[in-house]
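Line by line, the protein sequences give chains A and B.
Going by this note's numbering, the first sequence opens with residue 1, and the numbers climb by one from there.
Going by this note's numbering, the second sequence opens with residue 1, and the numbers climb by one from there.
These are calculated hints, taken from the structure and not from any lab test.
Just to be clear, a hint being listed does not mean it is correct.
What the hints assert, rightly or not - Partial pick of chain A residues on the chain B-facing surface, computed with a CB cut under 7 Å:
1) Met-82
2) Phe-84
3) Thr-95
4) Glu-98
5) Leu-107
What the hints assert, rightly or not - Straight-line Cα separation of at most 27 Å, DSS-like style, residue types lysine-lysine; simulated pairs:
6) B:Lys-109 / A:Lys-132
7) A:Lys-174 / A:Lys-29
8) A:Lys-66 / A:Lys-29
9) A:Lys-133 / B:Lys-149
10) A:Lys-132 / B:Lys-237
11) A:Lys-72 / A:Lys-5
12) B:Lys-59 / A:Lys-133
13) B:Lys-5 / A:Lys-133
14) A:Lys-178 / A:Lys-79
15) A:Lys-126 / A:Lys-108
16) B:Lys-149 / A:Lys-132
17) B:Lys-5 / A:Lys-132
18) A:Lys-48 / A:Lys-252
19) B:Lys-62 / A:Lys-133
20) B:Lys-149 / A:Lys-108
21) B:Lys-59 / A:Lys-132
C-beta: ideal position from N, C-alpha, C; glycine also.
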Amino acid sequence: MIKIKVEDLRHKYPDGTQALNGVNINVVKGEFLAILGANGSGKTTLLKHFNGLLKPAFGSVVLDNKKLNEFKPGDVFRKVGMVFQDPNDQLIAPTVEEDVAFGPTNLKLSYDEIMGRANNALELVKMKEFAKKAIHALSYGQSKRICIAGILAMEPEILLLDEPMSGLDPDGVKTIMKILNDLNKKKGITIILATNSVDLVPVLMDRVAIMDKGIIVQEGTPQKVFTDSRKLEGLKLELPQIAQLMEALRDKEKFPINSLPLTIGQARQELSHLINTEDNALVSPEMS
Amino acid sequence: MEILKHVVMDHFAHRNNWLTNIEVRVKLFYIGIGLLLNILSNDIVIPLVFLVTSLILLKTIKISFLNLGLRMIMPLFFGVFIMLIMGLHKGETVMLSGSFLGYELALKKEGLLIGLLLFTKVVGGVMLLLLLSFTTTISKICMAARWMKIPETIIEVLSFVYRYLFLLIEETETMMSSQRSRLGYVTWFKTIKSFGNLGGVLLIRSIVRAENAQSAMASRGYDGGRVLTIHLTPLVKNDYAILLSCGILLAFLSYLGFFVYS
Chain A
1 MIKIKVEDLR HKYPDGTQAL NGVNINVVKG EFLAILGANG SGKTTLLKHF NGLLKPAFGS
61 VVLDNKKLNE FKPGDVFRKV GMVFQDPNDQ LIAPTVEEDV AFGPTNLKLS YDEIMGRANN
121 ALELVKMKEF AKKAIHALSY GQSKRICIAG ILAMEPEILL LDEPMSGLDP DGVKTIMKIL
181 NDLNKKKGIT IILATNSVDL VPVLMDRVAI MDKGIIVQEG TPQKVFTDSR KLEGLKLELP
241 QIAQLMEALR DKEKFPINSL PLTIGQARQE LSHLINTEDN ALVSPEMS
Chain B
1 MEILKHVVMD HFAHRNNWLT NIEVRVKLFY IGIGLLLNIL SNDIVIPLVF LVTSLILLKT
61 IKISFLNLGL RMIMPLFFGV FIMLIMGLHK GETVMLSGSF LGYELALKKE GLLIGLLLFT
121 KVVGGVMLLL LLSFTTTISK ICMAARWMKI PETIIEVLSF VYRYLFLLIE ETETMMSSQR
181 SRLGYVTWFK TIKSFGNLGG VLLIRSIVRA ENAQSAMASR GYDGGRVLTI HLTPLVKNDY
241 AILLSCGILL AFLSYLGFFV YS
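All chains should be built: construct the whole structure from the sequences, respecting the hints.
Structure, rendered in structure tokens:
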């Protein structure tokens with residue numbers, strides 16, 4: 001079922017920058033989609049069109065078979081929540097609890113419902129014990145988790161995330177990845193994530209759309225998209241590091257690798273298979 | 001910058017102790033009436049009582065003299081300044097005289113006494129406010145403000161100022177360090193130039209930040225409603241008991257200040 005349908009979307013900023021040049025993409029319910037692209041490729045501008053923060057200069061964005069401009073003000077935000085790149089842009093209340101409750105308050109819910117949702121959202125991002133803490137006393141990683149909680153408290157059907165892993169330490173990345181994976185797989189929330197971190201994509205996402213100069217130049221599963229390193233370099237991107245290693249082993253050391261592994265797990269399987277085959281090849285003649 | 005950071009840090013109010021646990025409305029009642037008595041008093045006794053009691057109360061929750069001193073520097077400076085001005089301008093009985101830069105100056109007793117009263121009022125009043133700020137978070141003050149029917153816009157502005165003050169200090173500190181590391185403060189001329197740049201860049205950044213915050217708020221459904229949600233719980237027996245004790249203390253002080261020493 002198609003949740004979002006974007007057709008020939010164009011956007012120009014007042015300073016003359018043409019950020020989107022005719023984007024076409026469909027987002028399916030329950031999928032985990034990555035919008036991958038170099039800095040300035042138009043990822044954030046596209047995300048801002050998905051929840052109506054920016055209005056299309058040309059083309060259309062359709063949500064649940066209805067154009068975004070046909071929705072009542074505020075109705076889109078109930079369905080599509082966006083987590084911004086810089087937590088300081090999003091966290092506006094003095095304490096964690098107040099900030100997470102901000103969205104539900106604007107939905108005009110009852111006080112008990114607001115507090116219930118705020119507590120559940122904090123539980124989901126494992127930050128319940130920080131409820132009374134002042135926002136300025138949080139670390140960067142904690143702030144990012146509170147940003148996600150603030151959006152989850154609005155119970156959106158689609159979650160947009162703009163570079164959620166940027167500036168995080170490895171542990172922070174792992175925590176956010178687990179949270180997002182749980183939200184997608186267990187809660188069924190459709191997630192669209194803008195990133196330029198290629199290593200993340202094959203681990204989490206079902207589908208990748210690569211953007212360059214305001215258009216989507218390639219789209220498909222990570223296995224389909226991450227095949228040609230030269231093409232990616234032309235888009236100011238690269239293969240995931242483990243894939244680069246495997247590609248080097250294939251091309252320079254002539255290892256018999258057929259399909260390029262994109263994750264550590266896939267690489268481990270491929271290498272184990274190769275080692276076992278090699279061992280069998282060495283052992284077999286003597287045995288026979 | 002370090003001193004400013006030290007002065008605005010509010011982690012004391014987030015701690016768990018007997019003063020932070022007192023209901024915010026009870027504290028505001030005591031401090032509000034206290035400030036009023038402090039302003040209206042004709043004698044130094046009431047301001048001094050507030051100064052000493054606030055100091056004792058803050059020491060019970062282990063607030064150091066350093067933390068108090070840093071926050072008192074400016075009020076003390078202004079207090080002394082007012083006292084000197086009063087001593088120079090009012091009264092007839094000369095206590096001390098001399099010349100300064102060709103001007104004949106004389107400190108007079110009556111003026112100094114008025115100055116002393118004003119000085120104690122400044123110090124007593126600031127101490128009462130410090131008692132509030134060391135023991136009450138801004139969220140609780142906003143909650144109490146809403147309970148007192150203070151307009152929502154004022155509460156909103158108060159919470160934003162609190163939230164973004166720390167961010168402003170942080171950004172200023174980062175930019176100053178960056179300027180300093182590129183020799184931006186080695187001469188007077190460069191210092192003035194760097195300060196000018198700093199102010200300009202901070203202004204532009206504030207505008208950008210405000211725009212981004214507005215987008216983020218809009219995407220969470222904000223259309224001019226409330227920023228803060230949490231309500232105050234009803235007052236309990238214990239709160240009424242403390243309220244009564246505060247009332248008796250304040251009534252006793254009023255009697256002392258307005259009937260015994262007036």
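Query - Pair hint outcome, A:Lys-72 versus A:Lys-5 [Cα-Cα no greater than 27 Å] - result: OK: A:Lys-72 and A:Lys-5 at ~19 Å, within 27 Å.
Report task. Verify the interface restraint on A:Phe-84: the C-beta must sit less than 7 Å from at least one C-beta of chain B. Result -> holds, 5 Å
Query - Straight-line alpha-carbon gap B:Lys-149 to A:Lys-108, limit 27 Å - result: Holds, because 20 Å separates the two Cα atoms, which is no more than 27 Å.
Query raised in the report: Is B:Lys-109 close enough to A:Lys-132, meaning Cα to Cα at most 27 Å?
Result: Violated - the C-alpha atoms of A:Lys-132 and B:Lys-109 are around 53 Å apart, more than 27 Å.
Query raised in the report: Going straight from one Cα to the other, do B:Lys-62 and A:Lys-133 come out at no more than 27 Å?
Result: holds, 21 Å
Query raised in the report: Are the Cα positions of B:Lys-59 and A:Lys-132 separated by 27 Å at most?
Result: holds, 25 Å
Report task. Quickly compare the C-alpha distance for A:Lys-132 and B:Lys-237 to 27 Å and report which way the hint goes. Result -> Given that 27 Å is the threshold and the Cα spacing comes to 24 Å, the pair holds.
Query raised in the report: Does the nearest C-beta of chain B fall within a distance shorter than 7 Å of the C-beta of A:Met-82?
Result: holds, 5 Å
Query raised in the report: Once the shortest beta carbon distance from A:Thr-95 to chain B is found, is it less than 7 Å?
Result: holds, 5 Å
**Report entry** Hint consistency between B:Lys-149 and A:Lys-132 [alpha-carbon to alpha-carbon, up to 27 Å]
**Finding:** holds, 24 Å
Query raised in the report: Given the hinted pair B:Lys-5 and A:Lys-132, is their alpha-carbon gap at most 27 Å?
Result: holds, 21 Å
Query raised in the report: Under the criterion that the straight-line Cα-Cα distance not exceed 27 Å, is the pair A:Lys-126, A:Lys-108 satisfied?
Result: Holds, at about 26 Å.
Taken one by one, the earlier hints fail for this structure at numbers 6 and 18, listed in ascending order.
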